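Asker: Chain by chain, the residues run as shown.
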Amino acid sequence: MHQGKIISIKSFSNLDNSVRIKAQKFLREKALYDWLEYLKRIEGSGYGKLVLKGFSKTSLDIIEKFGFLPIKIFYSTLSSVTIKKGQKTSYNFCNVCSEILEFYNSDKKFLTWLMLIEKMTNLAPEALEILLNEMSFLVEKMNVSQMEDWFLTCLRASSGDMEKRIKLLSLKDNEGLEWLGQTAGIKSFKEQENKIKIYTTAIWGMNVNIKEIPITNTKASIRRTAFSNNFVRVPSSYPGFTGQLGEEVFRAAIMHAAAHMKFTYKKFEIGKLKPIQVAIISIIEDARVELLSIKEFPGLKELWIPYHMATGESKNLNKAYGPLTSRTLFSRLSRSLVDENYVDGNGWITRAKDMFFKNKKRWNDQTLSRELGNILGNDIGQMRIQFNPKDYLPDPIYRDENSGIWNFDNENTKDFEELQTGIESYQVEKKETDDAEKNFENSDIIEPLAKIAPNKVSQSEEAEIISLQPEFDYKSGRENFNWCKIKKYNFNNKSNYYLNNYLYENSKIVSNIKNLIESSKISQPIKLKKQQDGEELDLDSCIESIVDIKRGSTPSNKIYKKTNRKGRDLLVSILVDISESTNDFIKDTNKKIFSSIIEATGILSEAINKSGDDFGLATFCSNKRDDVRYWKIKDFKDKLNKSHINKLESMKPGFSTRLGAAVRQAGDELVSQTNYRKLLLIISDGEPSDIDVDDSEYLVEDAKYAVKRLAYNGIDVFCVGVESESNKNLSRIFGNKNYVIIKSASELPKKLPLIYLTLSR
Amino acid sequence: MSDNSGFIISNEPKYIEVDSESKVFEASWENRIPLMLKGPTGSGKTRFIEHMSWKLKKPLITVSCHEDMTASDLVGRFLLEGTETVWKDGPLTRAVRYGGICYLDEIVEARQDTTVVIHSLTDDRRILPIEKTGEIIKAHKDFFLVISYNPGYQSVLKDLKESTKQRFASINFDYPAKDIEKEIIILESKTTKEIAEKLIKVSERTRNLKGRGLHEGASTRMLIAAAKLMKSNLSFVEACLKGVVHPMTDDQDVIDSLERSIRDLG
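Chains as they are written, first to last, in our numbering: chain A, 3 to 763; chain B, 82 to 347.
Same shape as in the complex, but just chain A (with noise of 0.2 Å):
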């Protein structure tokens, strides 16, 4: 029994009586007295009635679980907390800490939770409160280390910027989350990306754009995938599925979506069908698809079964599943209709499963699922079973949310809106990507008034000047220093994936290409046979020389042979005009030239980085000499990616061609390289010009002369002229052999490259 100065809980006054009985039932003698000394302790520190309310409430919370152990340590972090943050946070902390506690099981890993809390608190106390209200998402996620992991990582990369730090740590940005998706191990699609689309290429023999969606969006049908065409949305990570399922999950929802692609051949049309007949006609069509997939590649019945929340594993189901909800009874169908060996005892259920597989002969049609899908959907009218559609996902989580597979361009599809969890957002990005398939010319993104108004472009108009690049006077014979100001514009994001589409159809010429690029790199030594010198014998010669010799005749002294090694160190830049003269179209067809180049520049820059070369690439137009507008799309060593298929993608067509600035520009660019052969491939109909310029000699001698001189700097150039009117100017400026003309931009993709490698050799 312990002596001294007895400490009463009725001192107390204001504990909770729940708080009371309980401390009064777990605590004996010691621990009672120990702990109660705690209580002393905050109220004589000031630290305020919220404190001693959340101490007392959460240190019983903790001697429940773990014994009086932590509580030593939990008074320390307490209070530090409280004297950076006030009790207002401490009690918030307290709270916190009850939550997470039932994430720990050993009280040393609580106990190193507490002491990161502590860290956090010391370290940067202003996003205390953030990371308090986040916390239980975050022990959800990862360990201790982990997290002391992230919320260092991100102090680092803040150093200082408050602001920044704060962001960074209340997860709102894309950078911090995926440091944080990295640190706590979730797998993120962006490392299987290109696996899986090899491996649905592979398998199905289609090509499938992906998009991923950060893990911010917490709207809940966002966590599925959804798809549309050849087009599938997928959540940039499945928390929650560790190990392997973790790894496959991925690959088992594009799979998902792209038998959808393959079987479901056309969309159902909504007509007066209720959400909970959707929902059942939904996992019968996905058990169809998938079965008919599984028929041609087994393996993937062992890819999908694990994902199934109804494992089989209760003999009595309905007392597994508890209280039957829609829910579990939508997981046990979508489970029976795959797995023939899986037995339900449910009447209904099992009169699903045995209709489903009775018709297997139907399976390749999927007005089956819609058949069986009524006549489920009445009987489970009787049921009474519950079902939210606002809440609804389909069962298992690598499936897809089902906007794919129906038709909801109608009046009914208010009653759906609630199905549809997230289709708003999708349906934006949909007619994005619908639009992909209209023709590129007719897509939104080139405005009505870009006719009326010819210069009127619809680029982002924020610009930073990148430069200042002089201009040549012919008249003067002068350059004029800091004449045009070069500017950087924005890329608009967006992408319809067109491009992307056009180079993976075309892929085949893309090889060829790259075949015959790499052919020509020629680093193989040549041997050269018949040689006045050389280190060997060329005896084939020689033979042939003693042999004349025999006959009298006079032998020739070519009997050496030589090998000659020839490099290859090309550096190429290319340059693309996409001013408005590109708008126009094609002749006798309803391309515009500007499509073509686009074109033709994609298949090149494709083939050029498959074959290793480095290379550059940028557009240019101008209006007027301080706004001449360069996008930079891909840097020299850039290895070529999808960022940079899309930004080429987002460039239209506007305004004038002041050529000679965007030399100097790219000229200056490929001057730094340390390249033995430097080559700038300019795309042009060869025409400068701009709007404050009235002579029509001016920007062409000023082309001429900036050609000349990064030719005097080593800089090969060499224009293709596209649908030039004529090659006057062309030969002015580049010189009669550093020029090509293209009659019609039709032929470009296939000339371009072909053009490139005469060059390169």
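Just so you know, these hints were derived from the structure itself, not from any lab.
Heads up, none of these hints are tricks.
Some chain A residues close to chain B (C-beta under 7 Å, calculated; not the full set):
hint, residue
1, 205
2, 300
3, 552
In silico lysine-lysine, DSSO-like type, Cα no more than 30 Å apart, as pairs:
hint, chain 1, residue 1, chain 2, residue 2
4, A, 510, B, 259
5, A, 564, A, 529
6, A, 489, A, 166
7, B, 323, A, 199
8, B, 274, A, 264
9, B, 169, A, 560
10, A, 639, B, 291
11, A, 594, A, 634
12, A, 490, A, 169
13, A, 639, A, 489
14, A, 111, A, 87
15, A, 297, B, 279
16, A, 303, B, 282
17, A, 303, B, 291
18, A, 197, B, 279
19, A, 303, B, 309
20, B, 213, A, 529
21, A, 510, B, 323
22, A, 268, B, 291
23, A, 197, B, 291
24, A, 87, A, 110
25, B, 246, A, 752
26, A, 752, B, 242
27, B, 95, B, 222
28, A, 166, A, 213
29, A, 490, A, 626
30, A, 552, B, 219
31, A, 730, A, 626
32, A, 529, B, 119
33, B, 169, B, 242
34, B, 279, A, 303
35, A, 739, A, 612
36, A, 639, A, 739
To list a few chain A residues with every Cβ distance to chain B over 10 Å, as calculated:
hint, residue
37, 46
38, 167
39, 380
40, 733
Keep in mind the model is a prediction, meaning the values are calculated, not measured.
No residue lacks a Cβ here, since even glycine has one placed at the ideal position from N, Cα and C.
With the hints as your guide, set chain B onto chain A.
Answerer: Same frame as chain A, now just chain B:
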């Protein structure tokens, strides 16, 4: 040797007809119209010519062409034997002189100044002038020229001249239709029908990736190799990986994806 009887094939090289190629061959042979066999690697060109030679009971002289090949390699050269200089006929000249089928395999690999020697043989003249000896040989009546050519690697640098191409009739070889390919696999490797069918599915996956990760789809030859590996106790997946996937690509993503899709075949 003053004839080419040493080059006659005695055992039948098995060949399964895909699309009346032998009919075309025999028609060309009867008229001695030079023949070009076009197709990707591993599609049966060499096997076909061996089979037809055996069938017609004519000698077959094969030359594998390469970049370093000179006209003398085809036509012949003087060799020094002791103190004598002796003319030795090259394979082409042998065929021209004594009769037989001369098969120039992968002719595109040879330089164009080499291939030009065949021009005089491939028109009505059917003569081979040998400048070193001053001879002009008139082709034996049984002389027949066949070349092979893989158009997949068409190159402006390495291609047959138009003037050369137009001297030939052509038979296209491509990967055979599924059932025929299956037969071929079974015949060559003595494997089962089920395995052959599965291998066809594997090749379909690779052909889906042509140009999108792989240069070419898997050739029939690779499938046969995989089947043979399986007979020697390699598992299906391993035989496909070692016999088909790994030789075709070094890209780890492509290898992993193909491995996955092969495993999915069950």
